[in-house]
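Q: As a plain string of letters, each chain reads:
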Amino acid sequence: MIQRINSDLAAGALGLVVFAVFWFNRGTLSPLSGMFPDAVLMVMLAVSGALLVKGVLRADIRPAFPDGNAGRVALMIAGLGLWWLGIRYVGFLVTSTTLFFAIALSLSRTVETLSTRRALVCAAAAVIVVGGFYLVFTQILYIRPFRTPLP
Amino acid sequence: MDMLLAAIPQILQPHMLITIFAGVAAGLLIGSLPGLTATMALAVLLPFTFGMDALQGLAALGAIYMGTIYGGAFTAILINTPGTPSSIATTFDGYPMAKQGRALEAISAATIASVIGGIIGVTALLVLAPPLARLAVAFGPAEMFWVAVLGLTLIASLSSDSLLKGALGGCIGLILGTIGVSPVGGETRFTFGIPAMQGGVSLIVALIGLFVIPEILSMAARGRAALSAPSDMSLERFNFLPVLRKVISKPVNIIRSCVIGQVVAIIPGAGGNITSLIAYNESRRASKEPESYGKGNVDGLVASESSNNVMVAGSMIPLLTLGIPGAPPDAVILGVLMLHGLRPGIELFTESGVLTNGFILSMGLAALMMLPVGLLGGRLVYRSILKTPHYFLIPTILIVTILGTYALRNNVTDVLIMLGMGVAGYFLRIIGIYAAPIVLGLILGTIAEQGYTQTILGGMADAVPQLRLLDNVLSQILFALVLLALLSALLPRLLSRKQGITGSGPTPPGNE
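Protein chains in written order, with the working numbering: chain A, 1 to 151; chain B, 1 to 512.
Hints were generated in silico from the structure; no laboratory data involved. Each hint should be verified, as a subset may be incorrect.
Over 12 Å on every C-beta distance to chain A, these chain B residues come out as not near it, computed from the model [to be verified]:
hint	residue
1	17
2	25
3	195
4	287
5	353
6	376
7	449
8	473
Chain A stretches covered by chain B per the calculated footprint, using a threshold of three residues with CB under 8 Å from any CB of chain B [said to hold, decoys possible]:
hint	segment
9	50-58
10	119-133
Owing to the predicted nature of the structure, the values given are computational and were not obtained by experimental measurement. Note that CB positions come from ideal geometry on N, CA and C, so glycine has one too.
Make the full structure from the sequences, and use the hints.
A: Set out below in structure tokens:
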């Protein structure tokens, strides 16, 4: 069964959350610094309210996961989180090579069955692509490497 | 005129031609990589020009600038990811064209539009620089505020399935733009106790996150790349001439977009991203088939690409005459001028006239070189992206976006913000809030805030300080344009509702 959401109610609720996050963190801003954000937040409050009303009266209902596979999205988001943590605390080369390999191998399963040859191709691609871009950025473009225990 | 004629033989020397060719090719390559902006390309390649004489160095940077802005169109068309902020509007129709198996047609149209735009921009720079520069000086804080508001009214048009959601997206962009140090008061706002947030949310970081990551997640969820099958897009069957005829058969669209690009470009800070969005919107409004925009209409692509390439030379007008960079990459050019002991102003057109005219002409030459470099390079980029399996393409794009984001400020927090905004952008897209209004709000927030606050400050002694916003004729004209823009966005919806037309309406541009 395709899950559906009331997008107007969801958007309105999101607007209220963003409003609350910024409104209660504005502290004691002077009029010079607070004039513009206050105006924007008031407009946001009004628009969110209007969306909530529309969500009740004339809702826009749409599929919750239009791309189909929510599980793969969740896995990819987890992968992105791991990627950042790895870059931050382990090292760019090690993290990126590992995750490139894992993502490539995982996604390749949608078009062909897993095999040793497939795994070797993914591993080679991971080393070449990650290593290549790392060299271009650090040796040619002189981007300072990530300051982590490993490269 | 004498100086212009004297400059021609200088830029036609072999070493100059090679320099310009290499600059365009390098720019195209860098511009086609998401996250690598024109400013970054110029900044990174700047040291390579130190050993060159002034004209060669400036010509190299001008060519890189041209190539980068043009190169941004490639990934905008092929993977719905603007290589540079100027290519946001190019995604609206370029990507749907690619999905319909018309990628090479889109790339060719973008190339033709870019060449025409580049040449028109250079011509305008040569002819109109002094009078247009005087007009730009007339834009004070109130006028800049209205220019920003005019841009913000585009939000309504950009999210054509729901004005309210478009407005909410714009507000989210505006409020994200207030994070960090206030441009007027100087206080630090909304940092949530994170020191790295004091620098605010970088536009490029937000742009990469909101445009790239949702597409990556979507591709991963579908288990395939978003482009259609290679059999739909045979290179052998493609013919360039019909595309050329199609593009030049609508001269009004090109001329309108170039005029918009030129006018917006001379306003300091406006930049190509705003230019292309306005030109795209006006093209859609003027079209007899507005509903086809966002679904693969080549006119929308031409409007975006011609206007953003006019901007490259157009933004040099305030730079060369007043020393005010019209767009961020111009700041790097200004640095090179100073490096060679050249001061912007009237002296640049008199005492150093041959050099200045040579620099301007070299940009015209770079625009012409985009045709061969683009058509050949475009096929290479197209082939490599198309033939790469999605399970290699997805992690490869992630690598480039992560490295590109980090390289902006050597800041790992930027990578986290980019990924976070991207994931949020994916879910926002599901509920109908798209990336374009958020990014537009982020771009225009600072301009609007500075204009508004400075104008109100100037009217503090008045009974109603806000009236200062409509104090002069130019402000009143801009205000009228804002009202017109709002009405033209609202009227078709009200009319269609009155006539009882049902359905979800046209697909929002860039959101397909």
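Q: All the hints need checking, so say for each whether the structure fits it.
A: Quick rundown of the hints versus the structure:
Separation of residue 17 (chain B) from chain A is adequate, the least Cβ-Cβ distance of about 24 Å exceeding the 12 Å criterion. At roughly 15 Å from the closest C-beta of chain A, the C-beta of residue 25 (chain B) stays outside 12 Å, upholding its exclusion from the interface. The beta carbon of residue 195 (chain B) sits about 15 Å from the closest Cβ of chain A, which is more than 12 Å, so the claim that it is off the interface holds. Separation of residue 287 (chain B) from chain A is adequate, the least Cβ-Cβ distance of about 26 Å exceeding the 12 Å criterion.
The beta carbon of residue 353 (chain B) sits about 35 Å from the closest Cβ of chain A, which is more than 12 Å, so the claim that it is off the interface holds. The Cβ of residue 376 (chain B) sits about 22 Å from the closest Cβ of chain A, beyond the 12 Å cut-off, so the non-interface label holds. The non-interface label for residue 449 (chain B) is inconsistent with chain A: the shortest C-beta to C-beta separation is roughly 4 Å, within 12 Å. For residue 473 (chain B), the condition that its CB be more than 12 Å from all CB atoms of chain A holds, with the nearest at approximately 25 Å.
Given a C-beta distance limit of less than 8 Å, the hint that chain B covers the segment 50-58 of chain A holds, as 3 residues qualify and 3 suffice. Coverage of the segment 119-133 of chain A by chain B holds [criterion: at least 3 residues with CB-CB distance below 8 Å; count 6].
The structure fails to meet hint 7 from the earlier list, while all remaining hints are met.
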